[in-house]
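Novice: With the hints as constraints, model all of the structure from the sequences given.
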Amino acid sequence: MKNPQFFWLLLLLLMRLCVAPLNGLNATSAEADVGVILDFGQTVGRICKTCISMAIEDFYSNRNYSTMIVPHFRDSSSDVVAAASAAVDLLKNTEVMAILGPQKSIQADFMIDIGNKVKVPIISLATSPALSPKESPYFIRSAWCSSSQAKSIAAIVKAFGWREVVLIYEDTNYGSGLVPFLTEDLLKNNVLVSYQSIVSPFVENDQFLQQLYEVKKNQARVFVVHMSPVLASRFFQMAKEAGMMNKGYAWIIADPLTSLIDSVDSETIEAMQGVVGVKAYIPRTNELKNFTRRWSKRFHKDNPDVERTELSVFGLWAYDGITALAEAIERVGVTIPRFQETVDRGNLTDIEVIGTSITGPSLAPLIRNFISKGLSGDYNISNGQLQPSAFEIVNVIGNGVNTVGFWTEQKGISKELNSAKKDNLAIVWPGKTTDAPKGWEIPLSGEKLKVGVPVNKGFSEFIKVEKDAETDAVKVTGFCIDVFEEVMRSLSYAVPFEYIPFETLDGQSAGDYDELVYQVFLQKYDAVVGDVTILANRSRFVDFTIPYSEPGVAIIVPIKENKMNNAWIFMKPLTVGLWLTIGAFFLFTGFVVWVLEHRVNKEFRGPPMQQVGTTLWFSFSTLVYAHREEVISNLTRFIVIVWMFVVLVLTSSYNANLTSMLTVQQLQSTDMIKKGEYVGFQNGSSVAAFLKSMISGGYSFRNYNSLEELEDALSRGSRNGGIGAIVDEIPYIRLFLSKNCHNFTMIDPTYKTSGFGFAFRKGSPLVSDVSTAILNLKEGDKMDRITRTWLGEEGCSADGLQGLDLNRFTGLFLVAGLSSSTALAIFLSTFLYENRHILASSASIKQKLHDLARAFVQEKDDKSKHSRTPGEIILAQTPSIRVSSDQEGILNSQQQK
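Mind the numbering: the sequence shown is residues -20 to -1, 1 to 877 in mature numbering (1 follows the signal peptide of the UniProt record, and there is no 0), read in order.
Note that these hints are calculated values from the structure, not bench results. We treat Cβ as the ideally placed atom computed from N, Cα and C, and that holds for glycine. Among the hints, a few may not be true.
Derived pair list, reagent style DSS-like, types lysine-lysine, alpha-carbon separation capped at 25 Å [to be verified]:
#1 K742 - K504
#2 K504 - K455
#3 K391 - K401
#4 K428 - K504
#5 K742 - K418
#6 K168 - K401
#7 K196 - K138
#8 K227 - K418
Pairwise CB distance ranges (calculated) [to be verified]:
#9 T457 - V210: 53 to 63 Å
#10 R788 - G392: 46 to 56 Å
#11 K401 - T457: 45 to 55 Å
Specialist: Below is the structure:
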């Protein structure tokens, strides 16, 4: 052949025509040039390149298409200028219809402006929220925006009850983009971002350590990290060296670091043991498993120098993104020319020379609103952004990550996807412990907890501040201090603290308790300890623990002689119910005594009215032990003994209560305080704020500074320049009455208040732990011991001057009732047995009852029973019964025997 080159070209053309249809590629398909700009020096770029190539092959292998994507790969070399130059080159020289990439947000930021200028779609995997598809009509984000994970991270923090976190992020648009969204969602869950540490991508290791030591000084031990895998690899190795990967620390990493954790080296994985992360959830379908096997062979064949690398979600999004672009191009088609040139050709820049894309305005809307079922799951691009679905919660353990749960906006956190059951996540934390970190601790290298204490010179039993004249050291004692120190000792961790008096230079109080509490809000103090009442207006500035003192406000008055002119005061020692019960038992006991005695005792016989009078007289005369009637039956004697004991207890209780009522003025309300009298209260006490609303109308008020002043004023009374009553909180009243028990008393009503509490800064994690410790202290005997030491024993009150009720004597009446009922039952059984012949007779029931009644009311004559035969006795007692001769003979024979 004279021209062999022509022969070979013809042969290749024939092969292409034959082979192309076999691969599903139409030989007449219009080529659609597409630019792909990735960082091939990083693992993510290489993963995406392989996925894009395989996606094009898989898409066009299914059936014939009129268009066919021809990818043009460019390496951005992790440089913004290189990425921008590659984009200009692709647009100017290759006239690409769209550009996939770049993968970094800082590179995409400039490239998006180019796409908007030339109207070419930019499909990027950049996750920074700073890049907004809403403001850029030709920008399509084919990955989940990093702001979408903020709620899942906040949910994890809330699930473990942490109140403070520290944010550590990369000093780039990628790193800082998550911060405002995460801060907002944390605040919605009452979690405070107490510190932020910004890390430069170019920081040296020694600067890394110095920055970590600064972070370590904070109390918070929960850290949220958002940075690239390259920077994170160095960061966690430095964190381990700084001793921050031990027990007590909690680390949460954000996506895409979590999704790309398989790309870091084994040394970094070892340093990250116990780290928790969130990442996009990808359903494990059969299609994905098959693709993963094919991808692994293809990737390691194309990249033999790369160590074992796992397929990441970014590769799947790149696969689904190029598939979406291929379908859109198939619908739009390929035009020639591709760009519309600018009318004015003179003195133009490279971008202006390119012109504007003809297909771009039609192509971009199709991709910006695209829904399909892809390898990554539900691939739903809406308004130019891929919409998230569920997040997977993973834990770095061993050589990789383990799935410990899921998060969805509808169901929250759960072990199983879309499960409504709220289970605790099984996480292995740093230090190889399954116990969740508390989330904070007092750093050993940090400052002590600054505890403000009031300078209260009048009530030293509660808190007393003293200073050493030589060393100027502060010594604080009192009830409140003992409770606080006992609580702090019971915590499972050490909290060093120091007391700082709230005083002026001359040692006087620097203000009232409201001002002292406000100093915590101003961060002058970390906490306030003292006799500080929990009030609503104070809770706006601080967080209070649960109260450690008895809550309530009450009134103290002098004990005076009873001047009540009440004609019926003798009835008040017993309640109406008890009076009625005593009367019923008088009647019942008298009736039982009559039943047992009237047949054998002449004292209880006679006309009916005389028997009634005798019975009542006997019963009521037992009150003063003046009964003259002798009892004969042993059952009666038993009943009388029990009843006399009951009467003894009742009369003693009645006399004691009546004596108290006649000697102590029983005050039950503020109405008993005469109008116009003065009411005293402690100077600076919270009682002053609502005293006028408690006791309204006709009263004047005086304040005092010490217990001695209050005692003197109350003793003198309002007419002598003193006061008629004291209104104060229960702890102060207990202290007052412990020293003046016999002269003063506490009266009703008791007004409800919240009691004393310890104040801490808003959001302080100490509040919950200290509150729990206070509960434990109250449940034991330590709190009672501290209270008795400083405040004395329980004081006097008017609670015992109420009428005695039936509940206090239930057992006594039960014994009396059972005794009488038992004796009555024994008598009736004996009586029926003695008269069994009446029951056994053939008479009618009416006749039997009549005969039994006659036998019951008839006197029982024991003296005549030896001189009369049994038959005569029965005949005498029951004259209506006719006795036959045979029966009489039987009775006589029984007598002879």
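Novice: It remains to establish, for every hint, whether it holds in the given structure.
Specialist: Consistency of the hints with the structure:
1. For the hint linking K742 to K504, the alpha-carbon distance of about 13 Å falls within 25 Å, and the restraint holds.
2. Only pairs whose Cα atoms come within 25 Å are accepted, and K504 paired with K455 is accepted, the gap being roughly 20 Å.
3. At roughly 9 Å between alpha-carbon atoms, K391 and K401 fall within 25 Å of each other, so this suggested pair holds.
4. With a CA separation close to 13 Å, the supplied pair K428 and K504 stays within the 25 Å bound.
5. Distance hint between K742 and K418 is fulfilled; the C-alpha atoms sit about 17 Å from each other, no more than 25 Å.
6. Taken as a hint, the K168 and K401 pair is honoured in the structure, with Cα atoms around 23 Å apart against an allowance of 25 Å.
7. Pair hint K196 plus K138 holds up; C-alpha atoms about 22 Å apart against a cutoff of 25 Å.
8. Taken as a hint, the K227 and K418 pair is honoured in the structure, with Cα atoms around 10 Å apart against an allowance of 25 Å.
9. For the pair T457 and V210, the beta carbons lie near 58 Å from each other, so the given range of 53 to 63 Å is met.
10. Remark: the range hint 46 to 56 Å for R788 to G392 is upheld by a beta-carbon distance near 55 Å.
11. In this structure, K401 and T457 meet the distance hint of 45 to 55 Å, their C-beta atoms being roughly 52 Å apart.
Every hint from the earlier list agrees with this structure, and none is contradicted.
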